[in-house]
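Chemist: One letter stands for each residue in the lines below.
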Amino acid sequence: MFLNQTIRSRKPGRIAGTIVSAAIIVIAWSWEAIITWVGVQASQRAPLQLDTVHLLSLAFLGYTGVLVFSSLVFSLNALLLNPDLDLLLAAPRPVESVLAGRMVVQILRLLLLSLVFTLPALLVLAIASHNFLIPALFATLYLLYPVSVVVIISLLSLLLVRFIPVGRGREIVTLFGVILALGINLLNFLFNPALRDPGFARRPGVPPSLPDVPAASATWLPSGWAGRSAAAILRGDWPVALEWALVLLAVSAVIFAAGTILSGRLYLAGWIQAVPPRRRRLPGLRAPRLSGPLPLLSPVLASIVIKDWRMRTRDVAQLVRFMMPVVLIFIIFGLRFGGLRSAVRSLGEGPAPAMVGLIPAWILLFSLSISLGLTAVSLEGKSIWIYAVSPNTTLRLLQGKCWSTAVPTAFLVGLVALTAEILIRPGWLWAATAVLLAVAQAVTVTTLMVGIGAVFARFDWTDTRRMLNPIGAFIGVGLFAVITGGSALLLGISLALASATRFPLISTWLAAMTVSIGGAVAVAILGLLIGNERLRGLELG
Amino acid sequence: MLSTRLLTKRYGSLTAVEDLDLEVGSGELFGFLGPNGAGKTTTIKMLVGLLRPTSGNARVAGVDILAEPERAKARIGYVPDAATLYEKLSAREFLEFSGDLYHVERRLRDRRIEALLKLFDLHDRGNDFLSGYSRGMRQKVSLAAALLHDPQVLFLDEPTVGLDPQSARQMKDILQDFVREGKTVFFSTHILEIAERMCTRLAIINHGRLVAIGSLQELRHIVGQDGQSLEQIFLELTGSREDDVSAVLRGLEE
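First to last, the protein sequences are chains A and B. Read in order, the letters of the first sequence are residues 367 to 907 in this note's numbering. Read in order, the letters of the second sequence are residues -11 to 242 in this note's numbering.
Quick caveat, the hints were computed from the structure, so don't treat them as lab data. Please read all numbers here as calculations on a predicted model, not as lab measurements. Careful: at least some of the hints might be erroneous.
Stated by the list, open to error - DMTMM-like mimics (lysine to aspartate or glutamate), calculated; alpha carbons at most 25 angstroms apart, straight line: (1) K160/B with E58/B; (2) K76/B with D829/A; (3) K160/B with E102/B; (4) K748/A with D826/A; (5) K76/B with D674/A; (6) K748/A with D69/B; (7) K76/B with D112/B; (8) K748/A with D829/A; (9) K748/A with E146/B; (10) K106/B with E75/B; (11) K160/B with E206/B; (12) K76/B with D681/A; (13) K106/B with E58/B; (14) K160/B with D112/B; (15) K76/B with D826/A; (16) K106/B with D116/B; (17) K76/B with D98/B; (18) K76/B with E56/B; (19) K106/B with E11/B; (20) K76/B with D52/B; (21) K748/A with E184/B; (22) K160/B with E181/B; (23) K748/A with E11/B; (24) K748/A with D165/B.
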């Protein structure tokens, strides 16, 4: 249906995007197949003694974490936001069959996702071992394994949704989605052996190791059953594979049946009847309210800034998206703080350590400029008509958006840069220029992202996850890379120029900074003008 | 106060509005009627500057909406059908924002906001988020925002949908007070009884074309039957017939 709609839409952008996405998937699959083939060849030449049962059980246990979160998001979405469920439950069909159908849909989606990620590797293993049942049997495990998790989480969702007020469902679902993304990234950072080494030093002779959970392969856990069956499939031991698969099947069937009946009972008992909406209100006159004019800004610009910040900070999902990069920066660099600081301080004083010290600020700038700048105009959503009918130009709207995004971004980036420079101590002159560069680039880059966001603005979203246009994000990331690379190149040239010509380093340094910032300003203004032209042609039919 | 000349809007091969000529004077409560998909909302959106006409022109409050859109918009108030508002703002905050967008002086803005909230019985809910408002309450907030900057022309698209009878009556009174001050109201509605009672003049549009325009008496004259209700005139002029509906319902039963 997606392909049919894409072709029928006749939108070159959409068709091109689909082709590019398909190409990326094909490349990723090819890469996975190559890596698997190389691994198989290596294992045949230098056989390793691996506990495949434990490894595969560990993999299934890790998969359980993903299942829990994704099932929670799916179930809450189905119960709170999807209008289809209300229609189905009003139809003359047993409630249990409707709820069971939802769970089956989720299980099938997870099966497809699992195959998308692992099918190339399974095909290569099948060819290498002349065991062409491997993909089909693994698919069976992918079908059976999630059943118990999906059913249990669906039941928990039915209990949980009772406590979620009507109207907050979208925020809660988005929040869970964000937590899922954050959790996966954080776990990857904390447990991925490639990222776990402290600082830049490696202990020689000690290979990185995966975290171990001995209970993963226990015979009383589903991960143990799935791991044993999978290991037996890989070595061609059909009786053992079938034995453990049947155990998984039997337990899954019982849980599915019991869960379906219980879900129906819970639903019919009125367990998920809508909670009366709590009246969300502001504290009132006693609380300090941001109502006066902001300095330096006209009333129109000030009102846009205030309105945007109220919208961003009062929506839990948006607030999490905004805070997430800040928190992640602190966690990642905090955990590596000692090693990183000593490594950078070993470079001594000068522009090089000052620039290296800007890395955390630069990463923060990347996140904030994308999450705030690119979505600034889209933040209006379907309420864009309110501004469009007012006696204000689109350029004024963009000015307001620049103020509301660039100022907080520059403040946070400046704060992180200043903190890093104080800790690294590259010399006060270099530290000052580095912080100045960071703040100036924060303003220009965020302004550029606002312009790009205006070109690719989406106003028809109801879920904040759909605020960001993927093409706009791709272009924004690309331009950020260009600006970063250009700035680094200019600063490198300034160092080389100073040593080659004996000009004072500070002169060439400041010249390079000026050109870098000037270039970014020019690109940002161009982005804003292009964005303005796009908004001027916008029709709200 | 409002005039259009050969106003047309096309979307590719589809003509939504074609060669629309309208004249609406000051102090008029003008009703714009038509079946679903006739082009009422498209017309209103062109007149408030949300859509650009394919051809033709329009003047609102003496200003060409195409040539000087900001100047024209400063004199317009607009209430859309099922308005989407900023869910995370309270009614008071939304009205403050709206007042600032229309450059209303701060103290005057605050005084008017309190008066409008009282007028629409929203004073106690002024600090509640708009996400908790019913459709009728949002309609009232939209109307309050449209009146805040004291416009000369008010455009309303289906303004009474979602309003309880008391609120609908209140809106009617407000609009009649508005036109008594010499200003103009231009609204579209499906509820012909309201249009019949309120409007000084009416226009009927069908398939993007103006079918008839005038007072109720003039429309009766066009149809050629005195004493007919607006509903009968409307059905006659737009070609809708009760027989067709009955035939469809009989078909469903078979």
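Chemist: Are there hints from earlier that the structure breaks, and if so, what are their numbers?
Modeler: 1, 13, 18, 19, 20, 21, 23 and 24
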